[in-house]
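Student: Sequence:
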Amino acid sequence: QVQLRESGGGLVQAGGSLRLSCAASGSILRINNMGWYRQAPGKQRDLVASITSGERTNYANSVKGRFTISRDNAKNTVYLQMNALKPEDTAVYLCAVGLFHWDYWGQGTQVTVSS
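Okay, so the sequence shown: first residue is 231 according to the numbering used here, each after it adds one.
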């Protein structure tokens, strides 16, 4: 089993920045991919960004150039630096990790961007 602990969400004005963190504990050897999803009320859960153990990254088109995903393998932690935030970025952000699939999920952290 892997446990995920997210932090860093909050309320920010449009144009501002936030940094999300997700620390993994437990069966760390079962982690290859790490990523962030988000889900707004009444909408589906969408992938925001992902990063492999080889540091290959992938971003949703809506966040390219504004968000940066990174990981610290020594700390078993994945980060999401979010800049130039927009009201449409408002959502619950969930951390996900896994070996080949998204096997484990965090509980989510709320990000609210005011206009």
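Please keep in mind that the hints were generated in silico from the structure rather than gathered at the bench.
Remember, it's a predicted structure, so these values are computed and weren't measured experimentally.
A few of these clues could be false.
Here are the simulated distance ranges between beta carbons [stated by the list, open to error]: (1) R249 to E285: 28 to 36 angstroms; (2) G238 to Q274: 30 to 38 angstroms; (3) R286 to G238: 17 to 25 angstroms; (4) R275 to Q311: 30 to 38 angstroms; (5) G256 to P317: 30 to 38 angstroms; (6) S300 to R260: 28 to 36 angstroms; (7) G256 to E318: 17 to 25 angstroms; (8) E318 to T287: 27 to 35 angstroms; (9) G284 to P317: 33 to 41 angstroms; (10) A314 to I258: 28 to 36 angstroms; (11) Q243 to N303: 17 to 25 angstroms; (12) K305 to G328: 16 to 24 angstroms; (13) Q274 to K316: 30 to 38 angstroms.
Okay, derived cross-link-like pairs now, DSS-like style, lysine-lysine, Cα gap no bigger than 25 angstroms in a straight line [said to hold, decoys possible]: (14) K273 to K294; (15) K273 to K305; (16) K316 to K294.
Backbone N, C-alpha and C fix where the C-beta goes; we use that ideal spot for every residue, glycine too.
Student: Take the hints in turn and mark each one as holding or not.
Tutor: Verification of the supplied hints:
Between R249 and E285 the beta carbons are some 18 angstroms apart, a value that contradicts the proposed interval 28 to 36 angstroms. For G238 and Q274, the hinted distance range of 30 to 38 angstroms is not satisfied, since their beta carbons lie about 23 angstroms from each other. Range check, R286 to G238: Cβ separation about 23 angstroms, and the 17 to 25 angstroms hint holds. The hint said 30 to 38 angstroms for the Cβ distance between R275 and Q311, and at roughly 21 angstroms that hint is violated.
The given range of 30 to 38 angstroms is respected by G256 and P317, whose C-beta atoms sit roughly 36 angstroms from each other. Distance hint check: the CB atoms of S300 and R260 are about 20 angstroms apart, inconsistent with the given range 28 to 36 angstroms. For the pair G256 and E318, the supplied restraint of 17 to 25 angstroms is violated, since their beta-carbon distance comes to about 34 angstroms. Take E318 and T287: their Cβ atoms lie about 22 angstroms apart, and the range 27 to 35 angstroms is violated.
With their beta carbons about 34 angstroms apart, G284 and P317 fall inside the hinted range of 33 to 41 angstroms. A hinted range of 28 to 36 angstroms holds for the C-beta pair A314 and I258, which are about 33 angstroms apart. One distance hint, 17 to 25 angstroms for the beta-carbon pair Q243 and N303, is violated here, with the actual separation near 33 angstroms. Under the hint 16 to 24 angstroms, the C-beta atoms of K305 and G328, about 18 angstroms apart, fit the expected range.
Taking 30 to 38 angstroms as the suggested C-beta distance range, the pair Q274 and K316 does not conform, at roughly 19 angstroms. About 20 angstroms separates the Cα atoms of K273 and K294, which keeps this hinted pair within 25 angstroms; it holds. As the CA atoms of K273 and K305 are separated by approximately 32 angstroms, the hinted pair breaks the 25 angstroms bound. At roughly 13 angstroms between alpha-carbon atoms, K316 and K294 fall within 25 angstroms of each other, so this suggested pair holds.
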